[in-house]
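Generate the whole structure from the sequences, applying the supplied hints.
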Amino acid sequence: MSDFLDRSEATLDLKVVGTRPVRPDGADKVTGRATFGADFAMPGMLVGKIKRSPHAHAAIVSIDTRKARALAGVKAVVTAADFPDLASEAYEAGEGAANLRDLSLNCMARGKALYDGHAVAAVAATSSVIADAALDMIEVTYEVLAHVIDVEDAMAPDAPLLHAHLFTEGLEAKPDKPSNIAQRNRLTRGDLEAGFAMADVVLEARYTTAAVHQGYIEPHACVAAFGADGQCQVWSSSQGQFMVRTYCAKLLGLESSDIRVTPAEIGGGFGGKTTVYLEPVALALSRLAGAPVKMVMSREEVFRATGPTSGAVIEVKLGARADGTLVAADVVLKYQAGAFPGSPVGAGSMTALACYDVPNFRVTGFDVVTNSPKVAAYRAPGAPIAAFGIESAIDELALKLGMDPLALRMKNAVRDGVKAAYGPTFRNIGYVETLEAIQNHPHYTAPLEPGQGRGVAVGFWFNIGGESTAAVNVGEDGTAVVVTGNPDIGGSRAAMAMMAAEVLGLPIEKVRPIVADTAAIGFSMLTGGSRTTFATGMAVTQAAQKIVVDLKRRAAQIWEVGADQVDWIDGAAVCLDASKTHPDLTLAALAARSARTGGPIGAQVSLTAQGAGPGFAAHICDVEVDRETGHVTILRYTAAQDVGRAIHPAYVEGQIQGGVAQGIGWALNEEYIFDRDGRMENAGFLDYRMPVASDLPMIEPILIEVANPRHPFGAKGVGEAPIVPPLAAVANAVRAAIGVRMTGLPLSPPKIRAAIDAR
Amino acid sequence: MAHVVAACSTCRPFTGGTTQFEVEAPNVRRLIAELDRRYPGFGDHITRRMAIAIDGEIHQDADAAPLAPDSEVYLIPRIGGG
Amino acid sequence: MTRTHISATVNGDPVEFLSDAGATLLDALRDELGLTGSKEGCGSGDCGACSVIVDGRLVCSCLMLAAEAEGRRIETIEGMADGSVLHPLQRKFLEHAALQCGFCTPGLLVAAKALLDANPDPTESETRYWLAGNLCRCTGYDKVIRAVMDAAAELRQVRV
Numbered sequence: 000m001s002d003f004l005d006r007s008e009a010t011l012d013l014k015v016v017g018t019r020p021v022r023p024d025g026a027d028k029v030t031g032r033a034t035f036g037a038d039f040a041m042p043g044m045l046v047g048k049i050k051r052s053p054h055a056h057a058a059i060v061s062i063d064t065r066k067a068r069a070l071a072g073v074k075a076v077v078t079a080a081d082f083p084d085l086a087s088e089a090y091e092a093g094e095g096a097a098n099l100r101d102l103s104l105n106c107m108a109r110g111k112a113l114y115d116g117h118a119v120a121a122v123a124a125t126s127s128v129i130a131d132a133a134l135d136m137i138e139v140t141y142e143v144l145a146h147v148i149d150v151e152d153a154m155a156p157d158a159p160l161l162h163a164h165l166f167t168e169g170l171e172a173k174p175d176k177p178s179n180i181a182q183r184n185r186l187t188r189g190d191l192e193a194g195f196a197m198a199d200v201v202l203e204a205r206y207t208t209a210a211v212h213q214g215y216i217e218p219h220a221c222v223a224a225f226g227a228d229g230q231c232q233v234w235s236s237s238q239g240q241f242m243v244r245t246y247c248a249k250l251l252g253l254e255s256s257d258i259r260v261t262p263a264e265i266g267g268g269f270g271g272k273t274t275v276y277l278e279p280v281a282l283a284l285s286r287l288a289g290a291p292v293k294m295v296m297s298r299e300e301v302f303r304a305t306g307p308t309s310g311a312v313i314e315v316k317l318g319a320r321a322d323g324t325l326v327a328a329d330v331v332l333k334y335q336a337g338a339f340p341g342s343p344v345g346a347g348s349m350t351a352l353a354c355y356d357v358p359n360f361r362v363t364g365f366d367v368v369t370n371s372p373k374v375a376a377y378r379a380p381g382a383p384i385a386a387f388g389i390e391s392a393i394d395e396l397a398l399k400l401g402m403d404p405l406a407l408r409m410k411n412a413v414r415d416g417v418k419a420a421y422g423p424t425f426r427n428i429g430y431v432e433t434l435e436a437i438q439n440h441p442h443y444t445a446p447l448e449p450g451q452g453r454g455v456a457v458g459f460w461f462n463i464g465g466e467s468t469a470a471v472n473v474g475e476d477g478t479a480v481v482v483t484g485n486p487d488i489g490g491s492r493a494a495m496a497m498m499a500a501e502v503l504g505l506p507i508e509k510v511r512p513i514v515a516d517t518a519a520i521g522f523s524m525l526t527g528g529s530r531t532t533f534a535t536g537m538a539v540t541q542a543a544q545k546i547v548v549d550l551k552r553r554a555a556q557i558w559e560v561g562a563d564q565v566d567w568i569d570g571a572a573v574c575l576d577a578s579k580t581h582p583d584l585t586l587a588a589l590a591a592r593s594a595r596t597g598g599p600i601g602a603q604v605s606l607t608a609q610g611a612g613p614g615f616a617a618h619i620c621d622v623e624v625d626r627e628t629g630h631v632t633i634l635r636y637t638a639a640q641d642v643g644r645a646i647h648p649a650y651v652e653g654q655i656q657g658g659v660a661q662g663i664g665w666a667l668n669e670e671y672i673f674d675r676d677g678r679m680e681n682a683g684f685l686d687y688r689m690p691v692a693s694d695l696p697m698i699e700p701i702l703i704e705v706a707n708p709r710h711p712f713g714a715k716g717v718g719e720a721p722i723v724p725p726l727a728a729v730a731n732a733v734r735a736a737i738g739v740r741m742t743g744l745p746l747s748p749p750k751i752r753a754a755i756d757a758r
Numbered sequence: 000m001a002h003v004v005a006a007c008s009t010c011r012p013f014t015g016g017t018t019q020f021e022v023e024a025p026n027v028r029r030l031i032a033e034l035d036r037r038y039p040g041f042g043d044h045i046t047r048r049m050a051i052a053i054d055g056e057i058h059q060d061a062d063a064a065p066l067a068p069d070s071e072v073y074l075i076p077r078i079g080g081g
Numbered sequence: 000m001t002r003t004h005i006s007a008t009v010n011g012d013p014v015e016f017l018s019d020a021g022a023t024l025l026d027a028l029r030d031e032l033g034l035t036g037s038k039e040g041c042g043s044g045d046c047g048a049c050s051v052i053v054d055g056r057l058v059c060s061c062l063m064l065a066a067e068a069e070g071r072r073i074e075t076i077e078g079m080a081d082g083s084v085l086h087p088l089q090r091k092f093l094e095h096a097a098l099q100c101g102f103c104t105p106g107l108l109v110a111a112k113a114l115l116d117a118n119p120d121p122t123e124s125e126t127r128y129w130l131a132g133n134l135c136r137c138t139g140y141d142k143v144i145r146a147v148m149d150a151a152a153e154l155r156q157v158r159v
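Residue numbers (numbering that gives the first Met the number 0), protein chains in the order written: chain L, 0 to 758; chain F, 0 to 81; chain B, 0 to 159.
Hints listed in this document are in silico derivations from the structure and should not be mistaken for laboratory results. Among the hints, a few may not be true.
[Said to hold, decoys possible] Covered by chain F, per the in silico footprint, the following chain L stretches (three or more residues, Cβ under 8 angstroms):
1. 176 to 188
2. 375 to 384
3. 459 to 466
Don't be surprised by glycine CBs; every beta carbon is placed ideally from N, CA and C.
Here it is, written out as structure tokens:
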């Protein structure tokens with residue numbers, strides 16, 4: 000069970016929010032009835048498959064599809080020639096601007112293959128077997144080019160160039176030669192030199208991480224049907240049906256209103272499904288074939304051709320006084336972007352020092368293209384990588400100073416009123432509370448055996464707000480349906496129903512949430528950025544509040560009293576006029592008379608939610624290292640996080656536990672391994688080793704509630720902060736266990752063995 | 000007079016390296032318009048690529064958000080999550 | 000290409016279907032029989048999302064050819080509930096919030112059922128090692144293990 004530290008100022012008497020009801024989609028999920036992307040079928044459906052480049056970097060000299068098109072059962076073959084040749088344009092549709100040209104080229108290569116697995120053609124056929132045969136018949140002539148994958152190799156002046164017209168942005172003087180460095184960003188404060196001059200202790204270190212994949216168990220899948228009248232239907236496993244609609248429209252030159260996207264249940268996303276790979280291709284095939292096309296990726300395709308997150312280099316220089324006060328920090332981040340610009344190095348730069356009040360710093364970030372799949376968002380994108388470097392360095396600094404690692408962090412902790420490293424002043428944050436929670440937790444002082452070690456680390460993530468629409472509709476029997484446009488990837492639809500139930504005064508069983516398609520609900524920004532409970536929850540709550548105002552008006556009309564003489568308590572209208580003796584009118588009673596009191600009862604709210612509260616996390620990790628094999632066992636893990644208010648505590652705990660598990664995998668075993676030709680050698684779950692049940696202990700979450708005053712129930716986003724601390728928490732624990740600082744992830748057994756041997 | 004700090008390198012081509020501005024504006028829309036007047040193209044860049052933190056609270060697409068005379072305003076790159 | 004005719008028993012019912020030579024049991028369950036509860040996560044027997052029970056033995060259906068199902072007794076997630084009465088494992092998964100996206104859940108439930116059929120009183124460690132063949136990326140396994148052990152306790156009481 001988790002510890003509840005309720006610090007909210009307003010003590011609300013909540014009946015539903017904060018409880019743990021069974022999720023409304025639960026029965027379907029445990030009986031195998033829930034429909035995920037690959038479970039959907041339409042009559043006359045064809046099978047779509049993609050031909051992929053076997054070269055990490057190659058010019059596409061020619062593609063001959065004649066034989067494939069002639070094969071019986073093949074109904075369509077497409078290449079880049081079947082897609083509009085888009086100009087380079089940044090367009091908002093996902094969570095930030097995507098370059099439409101890059102997105103189009105990533106879905107279907109034009110002129111050049113930029114990574115092993117890059118799509119070069121696609122077919123639709125009447126069966127899987129025929130589709131595979133057709134792929135083999137497509138003749139592609141390549142001119143293989145030198146490739147580059149390591150981020151520093153790609154930054155070298157003589158590196159093979161991916162894009163002839165890519166010039167580094169963000170430098171003082173515009174460069175005259177193209178480069179693989181797409182952008183350099185820089186954050187500064189104070190005077191770096193003066194700062195280091197004040198330091199009694201200076202620590203310099205270099206850390207590296209490898210590219211890792213989000214690892215969702217469900218491969219990408221969609222069904223697309225291009226109608227004879229130009230109206231399209233897409234069924235997709237995605238984090239954002241509106242994002243899919245927009246990108247398909249833009250990539251194919253269609254109108255948004257001509258595409259209806261229905262979100263399937265989604266088998267994990269973690270940011271990796273906030274973009275499109277298959278949907279535009281499936282629609283293009285369907286248009287040619289005149290039939291629906293289903294496309295499902297294999298696991299190998301998921302690894303080779305969908306965005307992992309960056310592999311990176313983190314260089315840290317810290318200066319501190321003897322008493323532990325940080326006086327200066329110089330950080331350099333070099334992140335792989337994959338085949339097209341757009342790594343999360345910007346967020347990495349902004350979050351690197353976010354937990355620390357440092358008067359002088361410089362954080363420099365490089366976004367570098369490499370011949371590997373285009374990087375996609377992965378849970379707090381950019382932050383875990385930077386935190387690995389900073390938290391490892393802080394740990395080393397604590398050792399150098401002879402200070403307790405938590406005390407060092409407490410000494411330099413950000414609090415309300417302190418300026419964040421990325422600029423604005425913090426308000427209503429709960430960082431110090433998370434530090435205190437783990438400092439006071441029995442885990443922190445529990446005894447350890449020889450060969451075991453303990454590490455701590457902290458982390459930060461912004462969380463976002465954004466556009467959401469929600470509708471609440473009351474049925475004739477007084478039950479309600481909550482309609483939103485946010486795919487449920489972590490249990491959010493339960494929270495939506497709970498918030499509406501709380502406001503309406505209904506038991507949770509009488510409020511059913513659904514996730515609607517793009518034609519059935521107003522626009523919502525996708526599910527990601529830890530925004531759904533905050534922003535869509537805000538829209539749901541406001542819609543329910545509008546209904547309550549309307550219900551009071553209806554009761555006032557029935558009772559012939561002023562609207563201010565009616566209150567709404569526990570799901571019923573109560574007459575406040577002492578001179579009248581009207582019994583309460585329940586929601587069901589009012590719903591039964593809706594026609595005579597103004598019509599159907601319902602409300603819709605569209606908003607852009609502002610004021611998302613950031614998340615802070617502090618973790619403790621105990622490990623045991625087998626010195627003979629280099630194997631690391633996670634013995635115990637405790638994770639404290641400021642969650643604002645836990646709407647459904649079990650799902651908040653689940654987010655923390657899941658993020659921790661991913662972070663542990665990132666720290667210990669996961670990595671993209673490329674061979675000499677730039678091909679991924681471990682494109683499967685056997686050798687891309689994610690944590691299994693026997694790798695982990697129970698993970699204890701501590702929910703700290705410092706309410707966000709901008710959310711009606713005080714909620715903050717929770718899903719992403721949990722993955723930020725574990726990389727360093729594990730590495731710091733290993734350092735304590737073996738006395739050697741591991742600076743490169745993952746900490747796989749051969750590396751640990753080598754480090755122990757070298758000692 | 001709102002004190003505006005632009006915490007990003009992508010602003011440089013528009014502002015020539017200046018990162019701090021004093022701007023009188025009652026809301027975000029007028030703030031962006033004034034910055035665009037001083038540095039042509041900067042307004043469009045802010046609208047499309049930046050979020051705005053007003054007194055510590057991050058706003059994206061918040062044209063009507065009011066600014067107090069002494070508001071602390073930061074322009075930061077838009078954040079995307081996962 | 001000639002397709003093979005296969006007769007088997009699925010969730011207690013006799014079934015017949017045709018399959019291509021290279022099709023797996025998973026393909027047959029999903030595409031021929033419409034039982035889409037078993038999922039393909041990897042196609043190589045490494046994630047367990049396709050777990051079914053064949054003649055009483057826990058199997059990755061993606062590693063078995065459809066033709067090998069001839070004459071066999073197969074149990075899938077769709078047969079776990081008794082009509083609309085959920086199996087205690089299914090109920091406990093819901094009570095403990097042991098699922099988030101739900102994609103690995105059918106495989107986990109079938110594997111957990113096979114565990115409790117073989118060992119009604121597993122320790123936490125035995126449970127973790129038995130379920131090590133079922134990848135979950137969302138939950139970190141904590142609530143899954145609690146749910147399985149809680150269901151085991153309930154089933155032991157019922158048997159007594």
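Against the earlier hints, flag every one the structure doesn't satisfy and list their numbers going up.
Structure breaks no hint.
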